[in-house]
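S.K.: As given, the protein sequences belong to chains A and B, one line each in that order. The opening residue of the first sequence carries number 1 in UniProt numbering; numbering runs sequentially from there. The opening residue of the second sequence carries number 1 in UniProt numbering; numbering runs sequentially from there.
Hints are computed from structural coordinates only; laboratory data are not their basis. All of these numbers come straight from a predicted model, not from anything done at the bench. Every residue gets a Cβ at the ideal spot worked out from N, C-alpha and C, and that includes glycine.
Listed next, the in silico DSSO-like pairs over lysine-lysine satisfying Cα-Cα at most 30 Å (straight line): (1) K152/B to K180/B; (2) K170/B to K241/B; (3) K170/B to K302/A; (4) K302/A to K152/B; (5) K316/B to K48/B; (6) K133/B to K152/B; (7) K302/A to K169/B; (8) K300/B to K316/B; (9) K149/B to K238/B.
Output of the computed footprint for chain A on chain B, the stretches with three or more beta carbons under 8 Å from beta carbons of chain A: (10) 34-46; (11) 178-188; (12) 198-206; (13) 224-238.
Residue strings, one per chain:
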Amino acid sequence: MRTPSVKRLLSPQLVALLGVLLFNWIVFPGFFDVAWRDGRLFGSLIDVINRGAPVAILSIGMTAIIATRGVDLSVGAVMAVAGAVAATCAVTGQPVIIMLLAPLAVGMLCGLWNGFLVSILSIQPFVATLVLMVAGRGVAQLITEGSIVTFNDPVLIFIGTGSFLGLPMPAVIAIALMVGAHLLVRRTAIGLFIEAIGVNRSAANFTALRSRSLVLAIYAFGGVCAAIAGTIAAGDIRGADANNTGLWLELDAILAVVIGGTSLMGGRFSIPLSVVGALIIQAMNTGILVSGFPPEFNLIVKAGLIIIILVLQSAKLAPALHRIFKQRPVKPSIQTSEKTG
Amino acid sequence: MNIFRTLALSASMMVLGCSTALAANLTIGFSQIGSESGWRAAETSVTKAEAEKRGIKLKFADAQQKQENQIKAIRGFIAQGVDAILVAPVVATGWENVLTEAKEAKIPVILLDRGIDAPKDLYLTSVASDQVKEGRVAGEWLVKTVGSKPCKVVELQGTVGSTPAINRKKGFEEAIAGQKNISIVRSQTGDFTRAKGKEVMEGFLKAENGGKDICAMYAHNDDMAVGGIQAIKDAGLKPGKDILVVSIDAVPDIFQAMAAGEANATVELTPNMAGPALDALAAFLKDKKQPEKFIITESKLYTPADDPKGEYERRKGLGY
Numbered sequence: 001m002r003t004p005s006v007k008r009l010l011s012p013q014l015v016a017l018l019g020v021l022l023f024n025w026i027v028f029p030g031f032f033d034v035a036w037r038d039g040r041l042f043g044s045l046i047d048v049i050n051r052g053a054p055v056a057i058l059s060i061g062m063t064a065i066i067a068t069r070g071v072d073l074s075v076g077a078v079m080a081v082a083g084a085v086a087a088t089c090a091v092t093g094q095p096v097i098i099m100l101l102a103p104l105a106v107g108m109l110c111g112l113w114n115g116f117l118v119s120i121l122s123i124q125p126f127v128a129t130l131v132l133m134v135a136g137r138g139v140a141q142l143i144t145e146g147s148i149v150t151f152n153d154p155v156l157i158f159i160g161t162g163s164f165l166g167l168p169m170p171a172v173i174a175i176a177l178m179v180g181a182h183l184l185v186r187r188t189a190i191g192l193f194i195e196a197i198g199v200n201r202s203a204a205n206f207t208a209l210r211s212r213s214l215v216l217a218i219y220a221f222g223g224v225c226a227a228i229a230g231t232i233a234a235g236d237i238r239g240a241d242a243n244n245t246g247l248w249l250e251l252d253a254i255l256a257v258v259i260g261g262t263s264l265m266g267g268r269f270s271i272p273l274s275v276v277g278a279l280i281i282q283a284m285n286t287g288i289l290v291s292g293f294p295p296e297f298n299l300i301v302k303a304g305l306i307i308i309i310l311v312l313q314s315a316k317l318a319p320a321l322h323r324i325f326k327q328r329p330v331k332p333s334i335q336t337s338e339k340t341g
Numbered sequence: 001m002n003i004f005r006t007l008a009l010s011a012s013m014m015v016l017g018c019s020t021a022l023a024a025n026l027t028i029g030f031s032q033i034g035s036e037s038g039w040r041a042a043e044t045s046v047t048k049a050e051a052e053k054r055g056i057k058l059k060f061a062d063a064q065q066k067q068e069n070q071i072k073a074i075r076g077f078i079a080q081g082v083d084a085i086l087v088a089p090v091v092a093t094g095w096e097n098v099l100t101e102a103k104e105a106k107i108p109v110i111l112l113d114r115g116i117d118a119p120k121d122l123y124l125t126s127v128a129s130d131q132v133k134e135g136r137v138a139g140e141w142l143v144k145t146v147g148s149k150p151c152k153v154v155e156l157q158g159t160v161g162s163t164p165a166i167n168r169k170k171g172f173e174e175a176i177a178g179q180k181n182i183s184i185v186r187s188q189t190g191d192f193t194r195a196k197g198k199e200v201m202e203g204f205l206k207a208e209n210g211g212k213d214i215c216a217m218y219a220h221n222d223d224m225a226v227g228g229i230q231a232i233k234d235a236g237l238k239p240g241k242d243i244l245v246v247s248i249d250a251v252p253d254i255f256q257a258m259a260a261g262e263a264n265a266t267v268e269l270t271p272n273m274a275g276p277a278l279d280a281l282a283a284f285l286k287d288k289k290q291p292e293k294f295i296i297t298e299s300k301l302y303t304p305a306d307d308p309k310g311e312y313e314r315r316k317g318l319g320y
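The whole structure should be built from the sequences, with the hints applied where relevant.
M.R.: Here's what the structure looks like:
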């Protein structure tokens, strides 16, 4: 049965994304212009997917973590650590394979640490990951000694600014990761396990689900996602900026997941919709840049749009809106579409 | 000529000799904000070098962005009976009590880099740059460079509401105010970072006809300019030629860009706040000479004519 996919096209998130894009088009008529330049696509729309990629990648890991009723505040700091490791490897002339794997390994280590605190020691995720959020940036500053470590390594630069089939490399990586993660959770039972843990962890334990190791693995995955985003961010500016890389991006990632309809109380989740959430956030950022608004209005415009989007999909208002548009209530439709999709 | 030179040399040698002799057994406490930026790290290393050059023993305290740590550090310095205290204050308010304690202990305090809201008799002097002037120097360079040609400028602002962003914008606007041919067409915040500078410039390039309408990019700091330069290159234009690049701070990486012909001018925010501070202190300790209350550092303009390669080499070891 493929009917749910039609429903998914009409999901409030995609409607919101289209709305933001249309708004951008109104304030800047050239918004949808895409040109072919130097073997790559070039245009504001491409900027949205390119710039949105790091937060989208963070939101993929964050979705799985939030679905287990957790949260990871450390992803921004882990980005900085991974970027610092990648840059240091590049500067010290390590082989390419080490330069690419070392940041991922460090990211996984950070994730395992978070997972250890949450899953083995049962510390509240908010507090457990706060530790690394603060300490991680310090570690990154230690690695870079407080300065911006610049490099000229072609591989890292390609990851940050290269293109594949005309698309920016960060976007290609984000799409591949999204498809891979989505298939992994929906074509196997892992997605169901995650939802079971998020809804009721003790009940999940009673069904002989090994929730400890699964939660540990999910936080490790979140750390790897952050490391990928951090490597991209470093490649993008050809340097590791420990003070600013990923600063506050954990909040953008959480917001993307929430816009994507995943509940902070755990349970039902959707990775593709979180990515759409990340694109909505970036579409707003890019829109503000091309619109010519004075920067003092940036946060107000962003906050206003986000409030509208969240209100539109709130538990009370969304079913009413769907009734107006003669559709089935939103909650069951998303659940069935996700479970079967 | 030669006599004059010898005289001047010997005079300066004498001054140098006096100040080192005087400073030889000085101990000075330095409460630094933290290491949040490359510039801050450079300020720390230059301060240490300036103290060492004068034979001063420097006690260093990193406050990690917290005023309470700075107050603790200053109290510690007072208890240790240092000869003077240098403070780079993290915030403007809340210093009266601890500075009064220092005053009662007869320890002179010198503010570096930032001012405070406190009675002026609580500190000996403050050494800082004039941020409005920095913007003005950048603007004047642009006015002189473009002459009477029409020029659309895009501006990468610092963090919204921060003092350097407000002042550097103000100074630049003052400098171009009389010029009808120069106008700022786009202005957005890049939060003083490379990544945001690049993202904002990407947006500007799309919004201004692929960048063909932009004649110059003015960035409130070099880091944003470095990001913007990458965006200009990605758009298929030549930074430094198709789009003029002028920014502020004079960090090593902008000199690298300048050497490659991708940046045109930068205005220095010197990390050497300690040099003038220690000179004023030496004069004060020697013959009770009250220094000026506000010592303003020079806002020097650097262009490709000023040996960017050499400047890069000179600065890269400072911890930027």
